[in-house]
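Undergrad: Here is how the chains run, residue by residue.
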Amino acid sequence: MSPETLILAALVLPLLIAAGIAVMGWSPNLREGVTFTGAGILFVVIILLTMHVAGGERPELNLGQAAPGLSLAFKLEPLGMLFALVASGLWIVNSFYSVGYMRGNRERNQTRFYICFAIAIFGALGVAMSANLFTLFVFYEVLTLSTFPLVTHKGDAAAKRGGRIYLLTLMGTSIGLLLPAVMWTWVLAGQNLDFVPGGLLAGVDISPAVASALLILFAFGVGKAALMPVHFWLPNAMVAPTPVSALLHAVAVVKAGVFTIMKIAIFIFGTDLLEATPAREFVLWVACFTMVVGSLVAMTKDNLKARLAYSTIAQLSYVVAGAMLADPAGWLGGSLQIAAHAAGKMTLFMCAGAIYVATGLTNISDMRGLGRKMPLVFIAFMIGSMSIIGLPPFAGAWPKYELMQGAIDHGNVYLSLVLIASSLLNIAYLLPIPLLALLPPPGTKEPKPFKRPDGAPMPTVVAPLITATLCIILFFAVGPISKFLSPTVGDRVEYIADGGQP
Amino acid sequence: MIDAILNAAPAWALSHAAPLLVMVPLFLAPLLALVPTGRIAWLISIAATGISFLFALILLGLVQTSPIGVVSYEVGRWPVPLGIELRVDALNAMILLIVTTIGLLASVFSWPTVVAEIPKRKRALFYSAFLVCFAGLNGVAITGDAFNLFVFLEISSISTYVLVALGSGRDRRALPAAFNYLIMGTLGASFYIIGIGFLYAATGTLNMYQISTLLPELAGHRSVQAGFAFILVGLGLKAAMWPLHQWLPNAYSYSPTFVTMFLSATATKVALYALIRFLFTVFRPDYGFEISAFSAILMPLGIAAMVVCSFQAVFQTDVRRILAYSSVAQVGYMILGVSIGTTAGLSAGLFHLVNHAMMKGALFMAVAGVVLTYQGTTIRDFAGLGRSAPWTMTAFAIAALSLIGVPLTAGFQSKLQLGFALFDQGLWWAVGLVVFSSFLAVIYMGRVLEAVFFQPPVNPRKTRKEAPVLLLVPLWILALANLYFGIAADFPLGLARDAAAAAFGVEAFR
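First to last, the protein sequences are chains A and B.
So the first sequence is numbered by numbering that gives the first Met the number 0: it starts at 0 and just counts up by one.
So the second sequence is numbered by numbering that gives the first Met the number 0: it starts at 0 and just counts up by one.
By construction, these hints were calculated from the structure, which means they are not laboratory data.
For clarity, every value in this text was computed on a predicted model and none was experimentally measured.
Honestly, I wouldn't trust all of these hints.
[To be verified] If we take Cβ atoms under 10 angstroms as the criterion, some of the chain B residues that face chain A in the derived model are:
{"#": "1", "residue": "R386"}
{"#": "2", "residue": "L400"}
{"#": "3", "residue": "P406"}
{"#": "4", "residue": "K414"}
{"#": "5", "residue": "L417"}
{"#": "6", "residue": "L421"}
{"#": "7", "residue": "S437"}
{"#": "8", "residue": "D489"}
{"#": "9", "residue": "G493"}
Just so you know, even glycine gets a beta-carbon here, dropped at the ideal spot from N, CA and C.
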């Protein structure tokens, strides 16, 4: 198949899956069958596309103009493919997990749940493959709207409140800040919104004040990147069922946000303009602030999902900081963080869900000693935590290393100090959870018996183990991944990647 | 498609399309007054609006294939200074297409609502008044004569007062609303005719094209400037330009649901067209007094409408009033686009005019469906309808999203174009206000949508009650048009760009 057909297939497949799920709604087993088959084929399609891109091709597909100059077009490049691979690959694991979770919890409206999930994947893939800001913006909003029913899935008052905050924040920032930024870019670039290697605005004469204003509009307009102070939707979205939190609020939605920031930094601004933009430093500061404050807030949370949500906010800022470093090391670090954090945080969320299904517990203080009864889940949690912290041999080590390298190269030494501080904070709020569960101090009360007689359903235990394994695999695969990314993030990367290999 | 129609049309239709477009409904209207039953009147009005729609398509084709982009028709073969000229270019071809399309869809959908709201013996007369109004609106759009425009404006307005007053069967407040509208509308028309008087005194002709050729020498003339001021206020009143919009919310809230739907999608649009025609074709945007009118009057008023009326919409409890205030706010967007004074700005304003006709038409149709089955228009009455009337409410939701300006809907495209035009002139603060107003739209439409889809029904006894098919089909045509033109906006945007170029008098607009 030609790459153009494959791009079309990658876009149409999720929609077909959604339709198939709707048709098969009467039989849960057939419905899940459609999800798995479809997700599997989709992943194969994405892999095939990745092979094309790795071979140096840049396949394009133009679906036509929405209005003169504004075309719905797709163009593949390594960073987007990485995001697409992460989203579609983890969707398979997540579907597997969802089956166990949704059935184990006897959730209602499961058909609607799976349909919206498929449409959300459609949105994420559209964002990943978009060739211009217009297409990206459209799919960004598809992602927002399709995940709204997922956030409000429970339908009670808390879910509605969370959903309303979710929708208003994301729509408010995107329409209020991102859209004007897109319009402004269109005018500045002479009626063009394409992603150009080296930066669309690179050759344009822009005053530092204008560039700063534009960068700030972009940075806070992409609400999904959860920079403070537009982060509060994320904890509120935790009212959603855990599979939603796992895939969407650790992988697809938030990663679409930071991916957008990355894409804007690399393909709209480009190194030189970003360097010349005074607000770059400001956004970097905000990212550092978000890292530290997010982690500090996470320490105060006893609800496991809330703690993970604040941890996600802090971790997303790594990518923003990487994008703002405006050099290959920073960009490589940010890009690796997209993949590494996805695997790690998804593990943690799925563990939280498995614990909830089995015991109904949501508070960390109740989980002491629970590891004796659910050892596999807490071992996966331990691995995920260590990856987030950035310990070798887990995936999270590389992004942190590259970011520090970039920060020092770039003279932003304070960033490396913040990164170290952030790691220490991660240790403080993440590691006690599995340690106290697996090795309870003497005298700890026996944890309550399982709510569900046979404990966590099998899929909810296996799925986090898969992603935990992925955390280890990604650590050793960093060389090939960096080589794959080098055309997008810059030539020096190969040197850095090789030089950094143990 | 337009080529095919041009080929299929007989010669007489091609050469007389312009007068027939207006005359068919105008002459069928008195006939309807004699028809015994409402049902026949309904069928005839579908036929009349349908014929006008075909003629509008023919005219659009003729304009697009004409080498100078103008179709001119001398009524009764009287040459121009003496007789009335019908003059169609890309600008009014577009307006005619909107008015006739909405007219056709409206008359198809009207029957169930008319049965429910209009007493039996008045139904035929009701349709008669509707056709007069329809013909009058088309007449305003098609004529090239300034005085003739006044005549058609009054024809459409007087019949509108009747139509609004007929809502008294459902709600007595329709009567004061109609009276209020009558006073304000007459004031507007009087201001307009005074302005034309001033222009006539200065130029000695009533033909708009001739006035426009004579004006450049007279631009410093006091009576020309006074005429400009009167025309601006008069047509602004008709177009519900803030703060001259006070008649609109009541007229929209208490008139029969069908009338609300038809008026919201056409009446203010046609008045706005007349305003644009005078601002850009008769007068020129390069006259000093007009430039200052743009920056000192139209732009502040447009922005005020956007912000103030969106705020008012947030605090309404009746869905029809929310939509009415939102209409004034949307007129503000169009005026803002016009007041930029560039081709890009004007085409953005006109593009929003097309899209707004589609989305408000769909929204008011859906409201009509709800009135029909639930007899209530407050937000409380809408609670839980997402489950009991899913088809009606899904279309409502699509149109509401388009009103907000969510991507993949028509409303998004027009806001995007407006933003481009504003940034192009460095008016970034105005973009901020447009965005702020959209955010208010999220709130006021969000309140309704939340009630529809997330609240339990007030009266659970009323289970599944969908609007009739006759209403659903036009409703979904408009809703799908909102989606289609949100993805492929080439056709309406092309129309709007041609229209803007034609308004500026750029002949080579293709």
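Undergrad: Hint compliance check: list the failing hint numbers for this structure, sorted ascending.
TA: Those not satisfied come down to hint 1.
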